[in-house]
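Chains as they are written, first to last, in this note's numbering: chain U, 17 to 129; chain B, 853 to 970.
Each hint should be verified, as a subset may be incorrect.
As the list claims (entries may be wrong) - Label pairs and their calculated CB-CB ranges:
#: 1; chain 1: U; residue 1: Glu31; chain 2: B; residue 2: Ser879; range: 33 to 41 Å
#: 2; chain 1: B; residue 1: Val890; chain 2: U; residue 2: His26; range: 14 to 22 Å
#: 3; chain 1: B; residue 1: Ser861; chain 2: U; residue 2: Glu87; range: 38 to 46 Å
Simulated from the structure, these hints should not be mistaken for laboratory data. Bear in mind that the values here come from a model prediction, so they are computed numbers and not experimental data. Don't be surprised by glycine CBs; every beta carbon is placed ideally from N, CA and C.
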Amino acid sequence: AQSVTQLGSHVSVSEGALVLLRCNYSSSVPPYLFWYVQYPNQGLQLLLKYTSAATLVKGINGFEAEFKKSETSFHLTKPSAHMSDAAEYFCAVSDWESDDMRFGAGTRLTVKP
Amino acid sequence: EAGVTQFPSHSVIEKGQTVTLRCDPISGHDNLYWYRRVMGKEIKFLLHFVKESKQDESGMPNNRFLAERTGGTYSTLKVQPAELEDSGVYFCASSQDLGAHSGANVLTFGAGSRLTVL
Numbered sequence: 017a018q019s020v021t022q023l024g025s026h027v028s029v030s031e032g033a034l035v036l037l038r039c040n041y042s043s044s045v046p047p048y049l050f051w052y053v054q055y056p057n058q059g060l061q062l063l064l065k066y067t068s069a070a071t072l073v074k075g076i077n078g079f080e081a082e083f084k085k086s087e088t089s090f091h092l093t094k095p096s097a098h099m100s101d102a103a104e105y106f107c108a109v110s111d112w113e114s115d116d117m118r119f120g121a122g123t124r125l126t127v128k129p
Numbered sequence: 853e854a855g856v857t858q859f860p861s862h863s864v865i866e867k868g869q870t871v872t873l874r875c876d877p878i879s880g881h882d883n884l885y886w887y888r889r890v891m892g893k894e895i896k897f898l899l900h901f902v903k904e905s906k907q908d909e910s911g912m913p914n915n916r917f918l919a920e921r922t923g924g925t926y927s928t929l930k931v932q933p934a935e936l937e938d939s940g941v942y943f944c945a946s947s948q949d950l951g952a953h954s955g956a957n958v959l960t961f962g963a964g965s966r967l968t969v970l
């Protein structure tokens, strides 16, 4: 069965600092990996996805993530945090055999001025 | 293009009562999913419709939960009778049918229905 683990339920950074949100996956077949973001009172929005093409994936709002098979990781990064990045971020995994997605527990990002 | 719409946004009921949540997917999306997030934990898969058929309902917690998608358009999720542990946020998502190997589908989510059982 597929699963993802997000390390750290809360991450706090200062405005302008590097954002690093960690995600490790478990999958018996090559995975598809996703990062979604949820702003208050809104649905989850796709930030980026990895589907076996380039291992470094660029998404919206300056976020990117790198697929590392050897580490079974798909960490999300942004070089410089902005106040508007404060939200909850979810890593998710799927694969070619199934179009059902499994999510992590989420990481709440706080950006301090 | 209208997004995924869920109703109600918040429902407060007493233990033993019935609640029905509704989801209107994006028009033309054959795939419809229900997920639930309880107490800030992970978002858990409940079930998946392809048109009006249940493709996978392995995540449904017990027989107090009934999901329907008559006509393959909107879907309802009924909880009867509700228990305290059913409290949480219920998300609906939809996606296009890209064929058999569609694991790369991007899901479009609704804002969720928050259920509080007292």
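Comparing the hints with the structure gives:
{"no.": "1", "hint": "U:Glu31 to B:Ser879: 33 to 41 Å", "verdict": "holds (40 Å)"}
{"no.": "2", "hint": "B:Val890 to U:His26: 14 to 22 Å", "verdict": "holds (18 Å)"}
{"no.": "3", "hint": "B:Ser861 to U:Glu87: 38 to 46 Å", "verdict": "holds (39 Å)"}
Figure legend: structure checked against the earlier numbered hints; every hint is met.
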